[in-house]
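K.L.:
For reference, the chains in residue letters:
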Amino acid sequence: MWRIGTVVDLRDETASARTITLQVPDWPGHLAGQHVDVRLTASDGYSAARSYSIASVANPENRVEITVERLPDGEVSPYLTQELAVGDRLELRGPIGGWFVWRTEQTEPIQLIAGGSGIVPLMAMIRSRSAAGSSAPFRLLYSVREPGAVFYRDELRKRSENDHAPTVTYAYTRVTPNDWPRPPGRIGASLVAEAAWPSKLVPTCYVCGPTPFVESAAGFLSACGNSQDKIRTERFGPTGGRK
Amino acid sequence: MSAQMNYLDGNAAAGELSRIFAIDVTSAEGQCVHCGTKKRFAEARLYMQCPGVVARCCVCEHVLLRMVNVRQHVFLDMRGMTYVNLDAACSGGYASHR
Amino acid sequence: MAITSRGFSGRRTPADVKLPPGQYLTTDFPVLSAGPTPHIALDKWEFTIDDGTDVLRRWNWKSFRELPAKTITVDIHCVTRWSKLGTTWEGVSLDTLFKDIKTDAEYATVSSYGDYTTNLPLEDLLNKQAWIAFRFDDDDLAPEHGGPARLLVPHLYLWKSAKWVRGISLMHEDQPGFWETLGYHNYGDPWREQRYQGD
Chain A
1 MWRIGTVVDL
11 RDETASARTI
21 TLQVPDWPGH
31 LAGQHVDVRL
41 TASDGYSAAR
51 SYSIASVANP
61 ENRVEITVER
71 LPDGEVSPYL
81 TQELAVGDRL
91 ELRGPIGGWF
101 VWRTEQTEPI
111 QLIAGGSGIV
121 PLMAMIRSRS
131 AAGSSAPFRL
141 LYSVREPGAV
151 FYRDELRKRS
161 ENDHAPTVTY
171 AYTRVTPNDW
181 PRPPGRIGAS
191 LVAEAAWPSK
201 LVPTCYVCGP
211 TPFVESAAGF
221 LSACGNSQDK
231 IRTERFGPTG
241 GRK
Chain B
244 MSAQMNYLDG
254 NAAAGELSRI
264 FAIDVTSAEG
274 QCVHCGTKKR
284 FAEARLYMQC
294 PGVVARCCVC
304 EHVLLRMVNV
314 RQHVFLDMRG
324 MTYVNLDAAC
334 SGGYASHR
Chain C
342 MAITSRGFSG
352 RRTPADVKLP
362 PGQYLTTDFP
372 VLSAGPTPHI
382 ALDKWEFTID
392 DGTDVLRRWN
402 WKSFRELPAK
412 TITVDIHCVT
422 RWSKLGTTWE
432 GVSLDTLFKD
442 IKTDAEYATV
452 SSYGDYTTNL
462 PLEDLLNKQA
472 WIAFRFDDDD
482 LAPEHGGPAR
492 LLVPHLYLWK
502 SAKWVRGISL
512 MHEDQPGFWE
522 TLGYHNYGDP
532 WREQRYQGD
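Protein chains in written order, with the working numbering: chain A, 1 to 243; chain B, 244 to 341; chain C, 342 to 540.
It should be emphasised that the hints constitute simulated quantities derived from the structure, not laboratory data.
Even for Gly, the Cβ is constructed at its ideal location relative to N, Cα and C.
Hints should not be assumed to be uniformly reliable.
To be verified - Among the chain B residues that face chain C by a calculated CB cut under 8 Å, a handful are: (1) 290; (2) 293; (3) 295; (4) 297; (5) 304; (6) 309; (7) 311; (8) 316; (9) 318; (10) 320.
Next comes chain A alone, as it looks inside the complex (with noise of 0.2 Å):
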């Protein structure tokens, strides 16, 4: 069932990741890790779609934030970045989604992993946890290519300078800020074990980035001694049959 939503605001996350408010007026709500299909139709009926993960938590004002990533030889994602406009309509499914969810209501340590895009679902936990004034304890291992390429960057740094607020891991796999402890690479089983909540504490793992990013975060996470059942994974990835 596609519901309208309407742009309202759009905002530029880094050079090539934009996040598109909607106002969708009979939104039902959702949870933090839900996601959209977002639908595009040309005037000769030529549709696509694509799914992006809910930035935003569930409001009364039925808006839905989506941050996407401009792919290269993309079909939908230029579009979104860069030719959508205030005031145009998308069509969108959901919320979809039950098993990669965090619920207000879980109370134990949460091992959030992220490798680019991948953060999206994971902010919308955090918010979510944030809104509800929640006290669960978080931890966010995030690995990006370069500085500039961490989406919300302003506002997780506001929230570090709170208590309470998710402990936050930063890994570099290009280029790290200077003065940086690690040289840049790809995250490994030291840094995750390092960084993560101990398995011990028996905690919730979500992993959401490109599948060999999730396979190889999991498999640490694993390492650790984190069970398979404490591991949700969510894996981006090209669905349009482009190469």
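Please arrange chains B and C on chain A, whose structure you already have, making use of the hints.
P.N.:
Same frame as chain A, but now just chains B and C:
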């Protein structure tokens, strides 16, 4: 050369499958007919860069489920699963649309 | 009920290029797959032709590569709407492989390493219409594009050009394959836009 990871997971197909399943499918437990593994559908390997949706067992790679949209029809093949156990409580009022 | 998205047009093709209906022109080579890429060691690879009971012909990589091969340039059309023109391949013609095979079977089921199958009339594999291709664009055929060898039947949609081909079974009854059993057209002529059953 590392294995080519050209798949997503059950979450990616959940929107399409919501046309058929009224209850959230990602948290559903299913059993692979071929190897007997029981997993959440969210953990299945989803191949979506092809003319349809193909879900495969993350342990043995045999097809669990296939789906194709043809105009107003939906073709569905679920022979690869012994059963699917869908929990309406997991939908929580927000996780499914209707 | 779908609304039209202002300014969205999908992929565009230059107006002077003639393509089958509903297709757009691509210059890259999209990789589509319904499963993991099989990796077949050449010393284990074989290609067979059987009649459902007996194996009529069998080649290993060495004997297959000793067969006369041709370089061909063809247009290819995928049911997901992309077309790629002037693609160059090197392969062994099915006419060569079927030389001296006598059969009254009318259909063929093509099988791949992995679990993929597709079906087509035997006559569509013969008369210079099909090849087992092992090189693309002056290079060994890459695994993600079907290497070491794939079927190439350019006059039909590309799902009939089974990647990682391992054999052809001669059939007296048509046996719909992987996509044909799930709503895709049994024949698949791009020029008549035969994408789905009922087209």
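K.L.:
State for each hint whether it applies.
P.N.:
Checked hints:
Checking residue 290 of chain B against chain C: minimum C-beta separation of about 5 Å stays under 8 Å; hint holds. Hint status for residue 293 of chain B: holds, given a least beta-carbon distance of 4 Å to chain C, under 8 Å. Hint status for residue 295 of chain B relative to chain C: holds, with the closest Cβ pair at about 6 Å, below 8 Å. A distance limit of 8 Å between C-beta atoms decides the matter here; for residue 297 of chain B the minimum to chain C is near 4 Å, and the interface restraint holds.
Interface restraint check: residue 304 of chain B against chain C, minimum CB-CB distance 6 Å, threshold 8 Å, status holds. The interface hint given for residue 309 of chain B holds, since its Cβ lies 6 Å from the closest Cβ of chain C, which is under the 8 Å cut-off. Using the Cβ-Cβ criterion of 8 Å, the hint placing residue 311 of chain B at the interface with chain C is satisfied: the shortest such distance is roughly 4 Å. Hint status for residue 316 of chain B relative to chain C: holds, with the closest Cβ pair at about 7 Å, below 8 Å.
The restraint placing residue 318 of chain B at the interface with chain C holds, with a minimum CB-CB distance near 4 Å, inside the 8 Å limit. For residue 320 of chain B, the interface hint holds, the least distance from its beta-carbon to any beta-carbon of chain C being 6 Å, beneath 8 Å.
In summary, this structure violates none of the numbered hints.
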